[in-house]
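Student: Protein chains in written order, with our numbering: chain A, 1 to 246; chain B, 1 to 225.
Source of the hints: derived by calculation from the structure; they are not laboratory data. By construction, the Cβ of each residue, glycine as well, lies at the ideal position given by its N, Cα and C atoms. Careful, some of the hints might be misleading.
Sample of chain A residues at the chain B side, in silico, Cβ under 10 Å [stated by the list, open to error]:
(1) Val27
(2) Asp98
(3) Ser245
Pulled from the structure, derived: some chain B residues nowhere near chain A, Cβ distances all over 10 Å [to be verified]:
(4) Asp29
(5) Glu36
(6) His70
(7) Pro81
(8) Glu87
(9) His90
(10) Ser128
(11) Glu172
(12) Tyr212
(13) His215
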Amino acid sequence: MNDMGTKIRKLGQLSGTSEEVFRPGSVLLATIRRELLLAFRRRSDLVNPLIFFLMVATLFPLGISPEPSVLTLLAPGVVWVAALLATLLSMDSLFRSDFDDGSLEQILLSPQPLFMVVLGKVVAHWIMTGLPLTLMAPLLGIMLFLPAEGMGGLMLSLLLGTPTLSLIGAIGAALTVGLRKGGVLISLLVLPLYIPVLIFGTAAVEASVTGLPVTGHLALLGALLALGFSLAPLAIAAALRISVSG
Amino acid sequence: MSDQLVSENMSEQVSEPLLRVENLFCERDERVLFDELGFTLSAGQILQVEGQNGSGKTTLLRILCGLSRHYEGEIVWRGEPVSQQRERYHRELVYLGHQPGVKAVLTAEENLRWYAALDGSIDDSVISYALMQVGLEGFEDVPCHMLSAGQNRRVGLARLYLSQAPLWILDEPFTAIDKKGVAAQEALLVEHAERGGCVILTTHQELQLTDYLSHINLDRQVGTS
Numbered sequence: 001m002n003d004m005g006t007k008i009r010k011l012g013q014l015s016g017t018s019e020e021v022f023r024p025g026s027v028l029l030a031t032i033r034r035e036l037l038l039a040f041r042r043r044s045d046l047v048n049p050l051i052f053f054l055m056v057a058t059l060f061p062l063g064i065s066p067e068p069s070v071l072t073l074l075a076p077g078v079v080w081v082a083a084l085l086a087t088l089l090s091m092d093s094l095f096r097s098d099f100d101d102g103s104l105e106q107i108l109l110s111p112q113p114l115f116m117v118v119l120g121k122v123v124a125h126w127i128m129t130g131l132p133l134t135l136m137a138p139l140l141g142i143m144l145f146l147p148a149e150g151m152g153g154l155m156l157s158l159l160l161g162t163p164t165l166s167l168i169g170a171i172g173a174a175l176t177v178g179l180r181k182g183g184v185l186i187s188l189l190v191l192p193l194y195i196p197v198l199i200f201g202t203a204a205v206e207a208s209v210t211g212l213p214v215t216g217h218l219a220l221l222g223a224l225l226a227l228g229f230s231l232a233p234l235a236i237a238a239a240l241r242i243s244v245s246g
Numbered sequence: 001m002s003d004q005l006v007s008e009n010m011s012e013q014v015s016e017p018l019l020r021v022e023n024l025f026c027e028r029d030e031r032v033l034f035d036e037l038g039f040t041l042s043a044g045q046i047l048q049v050e051g052q053n054g055s056g057k058t059t060l061l062r063i064l065c066g067l068s069r070h071y072e073g074e075i076v077w078r079g080e081p082v083s084q085q086r087e088r089y090h091r092e093l094v095y096l097g098h099q100p101g102v103k104a105v106l107t108a109e110e111n112l113r114w115y116a117a118l119d120g121s122i123d124d125s126v127i128s129y130a131l132m133q134v135g136l137e138g139f140e141d142v143p144c145h146m147l148s149a150g151q152n153r154r155v156g157l158a159r160l161y162l163s164q165a166p167l168w169i170l171d172e173p174f175t176a177i178d179k180k181g182v183a184a185q186e187a188l189l190v191e192h193a194e195r196g197g198c199v200i201l202t203t204h205q206e207l208q209l210t211d212y213l214s215h216i217n218l219d220r221q222v223g224t225s
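Okay, chain B solo, but in the shape it has when bound (with noise of 0.2 Å):
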């Protein structure tokens, strides 16, 4: 019953899958998630995850990227599973939660250059390219709690411009967007996908790039324990 629950035009487009999903099983108090859950995401395929609030969506995303172990069922990042290989998978991830990780007293570069840091494998040069292309033009110094709650998520976007990791897993990254950001967010997104990556999102808004899209309901899957 699982993989049926993925669209199917993607299916024949690459043989094999970057990330594959079985038998995925949670619980929160008492109330069966999602059971026997289980899909596959092959490179240049974008994943939008669709549910009623509380369906486990943030849930969902938390056991992906890893943070969450409160499941049962295998996840496989390309063919070995996720929890043997951790450091490889996360330098292959990038993850940006509910909260947009963005500490209030820094500015948007300092906060953008603890993430480099983080991450390793990033140029320092590009922090200000990728804030130009969120819209941060100028506000390179502004400490963060001076900004918009919408000008916040931006920050915390940047990292995806940075990135070159395969992996992007996004809960909710349009929240507090203006119509224009959420559209060259798209446009980011379709960029990623052609460029061989994969992406795994939650969003109510309608996403206009149906080529790369498939979707996975987790309305469907409440109580079918």
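If we strip away everything but chain A, and leave its shape as in the complex, we get (with noise of 0.2 Å):
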């Protein structure tokens, strides 16, 4: 600290008790920024869910079969899946980091809405995976044999239902961030709740690549994701702070 004999420049006056700072937005957008930084500085564990997912898609084909015919049927569903797990594997770690170094603490104790941190978190998170996944699944959508008329369904599916992977798996997430062991904890609670969302996404491909109108799978999508994005951060805000004051 400074020098015993160094005065300390005066410090601020104490805030007045009325002031009112509520920006949510920019709280949204500052934790973003954070998180990406984070992930940007610990680069391993961001490829481990990419190297995941394409390790899945790599190994079906060298297990069941390596015929053309064989795979085009098990493409939307393979690819879906291993979406799906790669996205439940990288979950464990959305909070646990903050809750071990005293910032989870911190978030909870500011007084920006909570609602605002956590769904910046569950973005961040979205871009760090369900974005990258996205935009590999042509990649092994066509390691798969998956006719070229499924890439647009195959993309778009993801694009709707990663985050809402993202967002439910941050419930889950949160619930078990308290816990020593979570990780096994966190795939029972969570992967009943991914049913719907890969059912949909799954019919969504399969259905343009039969040529069938894929509107009203996206729609449910859609709806889903909307679900979630209303109603999923108030559900991680509350579990956040059952675990915390555990």
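Since each chain sits alone in its own frame, please combine them into the complex, following the hints.
Tutor: Below you can see the structure in the form of structure tokens.
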């Protein structure tokens, strides 16, 4: 600290009691910026889910059959299941480091709405996992002989589905962050909630492969996403308060 | 029995206490940590919570700042229960816990900028001033995992220089801080008290700021149920 002799500069005035500092937008942006910076500094965490995603898709032809007709049939499901598991794999670390170093306590004690901070964290998580998974999906589609007509459906369904996976997974992560070994529990909690997303996601891809209209499936995925966006942050925030107070 | 625990030297100074705690009861693993605990805290007061290891000091501070809700009793801030005005209370509160809340992969400056954003009220330009005050000048761009434990602690303490909140709740703020640093920190606490703030802290250090200091001892509370 300062030398004993040096006088501390005058501290600022204490804030008035009525002063309202409510800027949810700037908190959201600051959170996203911070999370991306953190992820960029720990790049190995960033590529983990992507490598997993790629590995699952590479192993399937080896394990089942390299026959294009078989793989074409399996492709929508395999890509979607791999994306789902890759997201789940990355979920446990979402709040873990914040919990361990005390940042989470500070987030809970900040005057900013927890809803926004939590939403920022989930959006950043999606930018780092869901978005790259979506962008990589056509590559996996080609590896698994997914017909070209199915690519659009695959990308769109993942684009709408993976944010929902992040939002739901974050609820599980928030509930288990106080436990030493939360990894298994997270899967048990979250997998049942992932099932509707998986069903409509693969249905959208299959519909686009066979030339049937996809809009219905995509609309349902969009509805799930809208529901998740408005309700999941509330659940995550409440779960975090419980986890930290324990 | 509650109010006598706080030494009387400050009682006549300010009329309306900022923080009032009544009948606080907390039990952990079927062990009563404190029961019928009560005290008041007025502007310009520094309250040192004393007690043995495991006597519930950290638990008390976590309850006071609203992190833990495993308690019974009433915590009143500016005449209104804390549970009914969480956002306002948190706006007027700085809590430094056991963990400094410093991200190891971020630099000191990036850490503080995040807290500035969380606080919403802090001007970005004071960050370098705060880092200078805690003796981290020249370390702004070093990731915190390269800094020592004491320096990490100082990154956390720098938030006090940024804060305009009247209530500071500090859990062992002097851990790993050297002698000179502790003296500067005590000077900061005094200045905070003089501008009308109040502080609740735990520490095993002997504090020099006797003019402002009152004590509460949790040892006496053990087993009073």
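Student: Checking against the hints above, which ones are violated?
Tutor: 6, 8 and 9
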